[in-house]
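Colleague: Letter by letter, the chains look like this.
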Amino acid sequence: MKKNVIKGLKTALPIALGYLPLGMAFGILAAQQGLTALDVFFLSLLVYAGSAQFIASAMLASGAAAAAIILTTFLVNLRHLLMSASLAPFLKHISSPVLAWISMGITDETYAAGYPAASAGKASPAFYLGLNGLSHFSWIFSTVFGCLLRSRIPNPEKWGLDFALPAMFIALLFIQLKNKKDILVALAAGVLSAALAFVMRDNFNIIAATVAAAFIGVCIEK
Amino acid sequence: MRSEILFVIIGMSMVTQLPRIIPLVVLTRMSLPPLVVRWLKHIPVAVLSALLFPSLLLSDGRLSLSLDNTALLAAIPCMVIAAKTKNLFLTVLTGIIISALLQLVWY
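From first to last, the protein sequence lines are chains G and B. Take any residue in the first sequence, note its place counting from 1, add 314, and you have its number in this note's numbering. Take any residue in the second sequence, note its place counting from 1, add 52, and you have its number in this note's numbering.
Because the hints were derived from the structure by calculation, they are not lab data. Accuracy of the hints is not assured; some may be wrong.
According to the in silico footprint, chain G covers these stretches of chain B (three or more CB under 8 Å from chain G) [stated by the list, open to error]:
1) 57-64
2) 68-75
3) 87-97
4) 103-115
5) 122-135
6) 143-151
Partial list, derived from the structure: chain B residues whose beta carbon lies under 7 Å from chain G [what the hints assert, rightly or not]:
7) LEU100
8) SER118
9) LEU119
10) LYS138
11) LEU140
Treat the numbers as computed from the prediction; the structure is a model and nothing was measured. Glycine included, every Cβ here is placed at the ideal spot set by N, Cα and C.
For reference, chain B alone in the conformation it holds in the complex (with noise of 0.2 Å):
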């Protein structure tokens, strides 16, 4: 193994692994404000679907809104399948299969 891509392995490790330990290590260990805790609340839903939009909406940085987006398509049955099942595997299963089978037929 190279050492360059074993010091950046590192690196990426260090940055990485930081975020995820200091807030909860430390916020666990203090009592905060309940205005904090209310807005704390609301962060699994608004990440979530931070990070969801532009993976649909957005292709090679620019917005696609035309049939040509398959992910978008094949995100409608998905969203069904998510709110009547709440089901992860059941809605990744459908979305796997909706996507290759647009792919199929678009190319």
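Isolated chain G (complex conformation) (with noise of 0.2 Å):
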């Protein structure tokens, strides 16, 4: 048990180093769109969720109505309706009480440094409680802060703290391949997702991308 709490909180420590730049950015941003440090809370408990939180925050300040924010906050996080589901065959010795919890600590990056772990059968409720637990205490506490610094730093992307997303998922990507087939895969899946941005909006690229890319996967297995 305390192994496996341990295993997960080094599995979350670079993550949590990434949020911080990350959650500072969106904080300061938030708080310049007129989000008090409240909302960002509740934002980041609630909701935990990158891109969705900055689209979300601009929406707001634009005086976008409820139910459009809320429904493209639906479409940006509907990717990780494919990543929940990609984890499910090796977790079936888990409870599902147990599973909703570990479910909502999904995020783009948990994901990604959790699945190695997870594909090997080596993830357990305890290495979840690490990974997600710190993944998360990380990403509110920097959202939080950067809200109360507010302003005193007034351009984030001068410092390369914007660079630090693409810098995550480059990473994580480079963890995952494993073959040539992989590479074939990711080449396919970035350049149609880039394509289809162009013709897509609210991050149905990323999804279609996704699924015709993993059906190529499959079709170049043999």
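Please assemble the complex out of the two chains, which come individually in their own frames, going by the hints.
Modeller: Encoded structure:
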């Protein structure tokens, strides 16, 4: 139990550190757009999805309708559906209420960093307690902290902080690449996603490209 | 806290959490066809790459392949570090430092 919690914490550590600049950037932006620290706290606690929070805070500031904000959030986060489904074959030994709790901690980063342990059959609830607990804490802490800092850091991009997210995607992607077929799937997904971004809105390009590239992966397996 | 914002946050929470919870809880209780399992195994690589490419290649909805695109430039050393070390923290640190240096040189 204790060993697995520590393993989860170790897996979460780089994510937690990566969330610091990212979360602070969101907090600063949200404060500039009129959200309070309490708003930011509840967003990070209950929604816990970076890109959706950035989009929602901009929409709130521009006076968008509640229904439009909620619908956009749904579409932007729909990719979690695929991540959640892909973990299912490995977590059959865990009870439903615990699985529900584990799944609420799924983000792009915790999913990708935890996937190797899950697919090796080494992911227990204790592992997820460490992984999801520390990652979520870091996200809440850094977003609220950024909001309280407000305008003291006027341009987060000047400090290279806006690159934390792509850098995290690069690292997580390269950790998953095991063979030439993986590289082909990655190239197909990436090129498709960028191309479809011109014709699809609300991150639908990401979902469509992921579904198609995983299918290409199945076709080239033999 | 304004009740309108609270309402929006609760709505956002529901539409974000349900797609996270439902597949994992439902699909672990049934046996999936082998073809579906094989398809699901490609999801991690595919979704990460689908997230990454637009963030590097597009800026303000346009294809940006020039030297002004600091994200694309910073991505190159980042990929080298990621491929060599497979270390999340080192890669993010490299990315932030190089991106900051590029901003400094460019602007």
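Colleague: Does the nearest C-beta of chain G fall within a distance shorter than 7 Å of the C-beta of B:SER118?
Modeller: violated (16 Å)
Colleague: Under a C-beta cut-off of less than 8 Å, do 3 or more residues of the region 68-75 of chain B approach chain G closely enough to confirm the stated coverage?
Modeller: holds (count 7)
Colleague: Just to be careful: measuring from the Cβ of B:LEU100 to every Cβ in chain G, is the smallest value less than 7 Å?
Modeller: B:LEU100 check passes; min Cβ-Cβ to chain G is 4 Å, inside 7 Å.
Colleague: Confirm or reject the coverage of the region 87-97 of chain B by chain G under the rule of 3 or more residues with a beta carbon closer than 8 Å to the chain's beta carbons.
Modeller: holds (count 10)
Colleague: Take the region 103-115 of chain B, compare each residue's beta carbon with every beta carbon of chain G, and decide whether three or more fall closer than 8 Å.
Modeller: holds (count 10)
Colleague: With a cut-off of 7 Å on the beta carbons, see whether B:LEU140 makes it to chain G.
Modeller: Given a least distance of 4 Å, the restraint on B:LEU140 holds.
Colleague: Can you confirm whether chain G covers the region 57-64 of chain B, using C-beta to C-beta distances below 8 Å and requiring at least three such residues?
Modeller: Held - the region 57-64 of chain B has 8 residues with a Cβ nearer than 8 Å to chain G, which meets the minimum of three.
Colleague: Going by Cβ atoms only, is B:LYS138 closer than 7 Å to chain G?
Modeller: Since the shortest Cβ distance to chain G is 5 Å, the answer is holds.
Colleague: Can you tell me if the region 122-135 of chain B counts as covered by chain G, using C-beta to C-beta distances under 8 Å and a minimum of three residues?
Modeller: Since 8 is at least three, the answer is holds.
Colleague: Mind checking the CB of B:LEU119 against every CB in chain G and telling me if the closest is under 7 Å?
Modeller: violated (16 Å)
Colleague: For the region 143-151 of chain B, do three or more residues have a beta carbon lying closer than 8 Å to a beta carbon of chain G?
Modeller: It holds, with 8 qualifying residues against the three required.
Figure legend: structure checked against the earlier numbered hints; hints not met, in rising order: 8 and 9.
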